[in-house]
Amino acid sequence: MTKLLEWIFGVSLVVAVWALVTFDLLDLSLPQPYREVAWPMPLYLLVSFGCYSLATVGYRVATFNDCEEAAKELQEQIKEAREDLRKKGLKM
Amino acid sequence: MASRKSSHPNRDRVDKYSVLLPTYNERENLPLIVWLLVKYFGESGYNYEVIVIDDGSPDGTLEVAEQLQKIYGEDKILLRPRAKKLGLGTAYIHGMRHATGNFIIIMDADLSHHVSVVYFVVKQKEANYDLVSGTRYRGNGGVYGWDLRRKLISRGANYLTQVLLRPGATDLTGSFRLYKKKVLESLVEHCVSKGYVFQMEMIVRARQLNYTVGEVPISFVDRVYGESKLGGNEIVSFVKGLLTLFATT
Chain A
0 MTKLLEWIFG VSLVVAVWAL VTFDLLDLSL PQPYREVAWP MPLYLLVSFG
50 CYSLATVGYR VATFNDCEEA AKELQEQIKE AREDLRKKGL KM
Chain B
0 MASRKSSHPN RDRVDKYSVL LPTYNERENL PLIVWLLVKY FGESGYNYEV
50 IVIDDGSPDG TLEVAEQLQK IYGEDKILLR PRAKKLGLGT AYIHGMRHAT
100 GNFIIIMDAD LSHHVSVVYF VVKQKEANYD LVSGTRYRGN GGVYGWDLRR
150 KLISRGANYL TQVLLRPGAT DLTGSFRLYK KKVLESLVEH CVSKGYVFQM
200 EMIVRARQLN YTVGEVPISF VDRVYGESKL GGNEIVSFVK GLLTLFATT
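Chains as they are written, first to last, in numbering that gives the first Met the number 0: chain A, 0 to 91; chain B, 0 to 248.
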């Protein structure tokens, strides 16, 4: 199953359950509090996910490593390499 | 000569690492990267070869490669050029055909990767991974010379990729990897995308085919010579590629 199909399946399931509870489609006569909580759930979950995403990406950007040492080391190695290659007869 | 007891009594064939370097106009960088590979592999004692796949570079990259071949030997530096720029996937296929190693390492020839190549070898041996992928996002992996905008786009795009594809690897667009030769052959057969989306697809397919994927932190040092671009076009094509993979894998 492709990821797209997985998502469609999952979302459909969630929507079905939500509709079932909110609109009492099976005449289950669930207590009112359940229905009141269920109704805004999709929006609530979406907003929560949005906030979580922003926080996660923000955190990851803030902790994105800057490889100062690696860059320095690379520069030194380039110098060393050019010297050595020149000695070995490379014409650059 | 008396027979020698090997320190690895179960190893009747020696591991050899073939480094594939597709090049296009890398006249400046190629000698440096070859020098670094020779240095690191030489120090490590592992058996290796470097295969330069030049796509008819107008700047004379092939000529430089020939000089390197004279310096380091034809058994260590192999040249398998092509007539014109033909794309990454076919470069790998082409390179693999001539590779005598049982492991294939792919990396950029433009010095954007700090050449921590031996870490890949060591990591692979840890758990006999089918694939070892370099990641900028974990451990002490990272980048150099990136402004806030680029970091934001990179992390944002990666997050989107994780949410949509759940690939089991932290860095999909990286191109510093080690594969078992058989695994790479299998993956190249299964993958249909082009360009760097092809790199992404390889990891996604690898997981689907139940190959084991290890990760090694790498440092991505922004192009030493030349410019790297990350404009609107790149972003659009990335999103298109991501959505394609989302719908087809």
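Please keep in mind that the hints were generated in silico from the structure rather than gathered at the bench.
Watch out, some of these pointers could steer you wrong.
Selected chain A positions facing chain B (Cβ under 7 Å, derived; list incomplete) [unchecked claim]: (1) Val46; (2) Ser47; (3) Leu53; (4) Tyr58; (5) Ala70; (6) Lys78; (7) Ala80; (8) Lys87.
In the SDA-like style, the derived pairs of lysine to any residue whose C-alpha atoms are separated by at most 20 Å in a straight line are [as the list claims (entries may be wrong)]: (9) A:Lys86 <-> B:His189; (10) A:Lys87 <-> B:Tyr39; (11) B:Lys150 <-> A:Lys87; (12) A:Lys2 <-> B:His189; (13) A:Lys2 <-> B:Cys190; (14) A:Lys87 <-> B:Gly41; (15) A:Lys2 <-> B:Gly41; (16) A:Lys87 <-> B:Gly72.
Note that the structure is predicted; figures quoted are calculated from it, not measured.
Heads up, the beta-carbon is just placed ideally off N, CA and C, and yes, glycines get one too.
Here is what the structure says about each hint:
Hint status for Val46 of chain A: violated, given a least beta-carbon distance of 16 Å to chain B, over 7 Å. Because the smallest distance between the Cβ of Ser47 of chain A and any Cβ of chain B comes to about 14 Å, over 7 Å, the interface hint for this residue is violated. For the restraint placing Leu53 of chain A at the interface with chain B, the shortest Cβ-Cβ distance is roughly 10 Å, beyond the 7 Å limit, so the hint is violated. A hinted interface residue such as Tyr58 of chain A counts as satisfied when its beta carbon comes closer than 7 Å to some beta carbon of chain B; here the least separation is about 9 Å, so the hint is violated.
A hinted interface residue such as Ala70 of chain A counts as satisfied when its beta carbon comes closer than 7 Å to some beta carbon of chain B; here the least separation is about 4 Å, so the hint holds. Violation of the interface hint for Lys78 of chain A is found here, the shortest Cβ-Cβ separation to chain B being roughly 10 Å, above the 7 Å cut-off. Taking 7 Å as the C-beta contact cut-off toward chain B, the hint placing Ala80 of chain A at the interface holds, the least distance being around 4 Å. A least Cβ separation of about 5 Å between Lys87 of chain A and chain B falls short of the 7 Å threshold, and the interface hint therefore holds.
Distance restraint check for Lys86 of chain A and His189 of chain B: the Cα-Cα separation of roughly 46 Å exceeds the 20 Å cut-off, and the hinted pair is therefore not satisfied. Using a Cα cut-off of 20 Å, the hinted pair Lys87 of chain A and Tyr39 of chain B holds, with the two alpha carbons roughly 18 Å apart. Restraint check: the Cα-Cα separation between Lys150 of chain B and Lys87 of chain A comes to about 40 Å, which exceeds 20 Å; the hinted pair is violated. In summary, the hint linking Lys2 of chain A to His189 of chain B is supported, as the alpha carbons are separated by about 17 Å, within the 20 Å threshold.
With a C-alpha separation of about 16 Å, the suggested pairing of Lys2 of chain A with Cys190 of chain B holds against the 20 Å cut-off. For the hint pairing Lys87 of chain A with Gly41 of chain B, the CA-to-CA distance comes to about 17 Å; that is within 20 Å, so the pair holds. For the suggested pair Lys2 of chain A and Gly41 of chain B, the alpha carbons sit about 44 Å apart, so the restraint of at most 20 Å is broken. At roughly 12 Å between alpha-carbon atoms, Lys87 of chain A and Gly72 of chain B fall within 20 Å of each other, so this suggested pair holds.
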